[in-house]
Amino acid sequence: MSYPRTYDAAPLILPYEDRWPRIADTAFVAPGAVIVGDVEIGAESSVWFNCTVRGDEQSVRIGAGTNLQDGTVVHVNSKVQGTIIGDSVTIGHMAMIHACTLEDWAYVGMSAVILDGAVVESRAMLAAGALLTPGKVVKSGELWAGRPAKFMRRIEPEEWARFSATAGNYTARGRRYRERMADLGAGETPRARIGSG
Numbered sequence: 314m315s316y317p318r319t320y321d322a323a324p325l326i327l328p329y330e331d332r333w334p335r336i337a338d339t340a341f342v343a344p345g346a347v348i349v350g351d352v353e354i355g356a357e358s359s360v361w362f363n364c365t366v367r368g369d370e371q372s373v374r375i376g377a378g379t380n381l382q383d384g385t386v387v388h389v390n391s392k393v394q395g396t397i398i399g400d401s402v403t404i405g406h407m408a409m410i411h412a413c414t415l416e417d418w419a420y421v422g423m424s425a426v427i428l429d430g431a432v433v434e435s436r437a438m439l440a441a442g443a444l445l446t447p448g449k450v451v452k453s454g455e456l457w458a459g460r461p462a463k464f465m466r467r468i469e470p471e472e473w474a475r476f477s478a479t480a481g482n483y484t485a486r487g488r489r490y491r492e493r494m495a496d497l498g499a500g501e502t503p504r505a506r507i508g509s510g
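Residue numbers for the sequence shown follow the numbering used here, so the first one is 314 and each next one is one higher.
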């Protein structure tokens with residue numbers, strides 16, 4: 314059996330009105346991801362397969378070293394606020410991030426939903442499958458879970474050491490994917506049109 318040696322795949326990068334996404338040269342955006350409008354993605358962040366990041370009516374800001382795992386959706390509130398995602402944030406597969414703030418080193422579990430005006434502070438964790446309702450704040454060092462999400466307990470230092478390693482692992486993995494796909498002739502994100510950093 315033979316396998317293709319080249320790939321013709323690239324993320325879909327689109328403007329909204331006159332606003333193009335701005336993606337750092339060292340970020341990895343996987344084939345199948347869709348990035349639209351007023352979106353900034355920082356250095357060595359990774360946006361994985363089938364993610365959608367829509368900065369249409371408001372902005373989306375994603376810091377450095379952050380990972381949006383497969384199938385995650387990031388959107389804004391068209392009339393009120395955008396979405397701010399800090400540095401070294403981990404967002405698990407299939408999460409829904411809507412018009413909220415995730416501070417540096419926040420950790421969001423798989424399939425979690427975060428709604429308008431909510432905040433996950435630095436080094437706080439929202440568990441897999443949780444629903445963080447509008448305006449709620451997960452304080453630094455806290456673990457919240459449930460639908461609706463509620464405070465469960467403080468995060469132990471040894472637990473946080475494991476969780477925080479995820480961001481670095483995804484940064485390294487994104488770098489390997491970016492390099493390997495370039496070797497295989499994968500479609501390049503049109504960075505010259507959308508900016509760099």
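No lab work stands behind these hints: they were computed from the structure.
There could be a bad hint or two in this list.
Below, computed lysine-lysine pairings styled on DSBU-like, alpha-carbon distance capped at 35 Å [unchecked claim]:
(1) Lys392 x Lys449
(2) Lys392 x Lys463
(3) Lys449 x Lys463
(4) Lys392 x Lys452
(5) Lys452 x Lys463
As the structure is a computational prediction, the values presented were derived from the model and not from experiment.
Could you work out which of the previously given hints the structure breaks and list their numbers from low to high? Failing hints: none at all.
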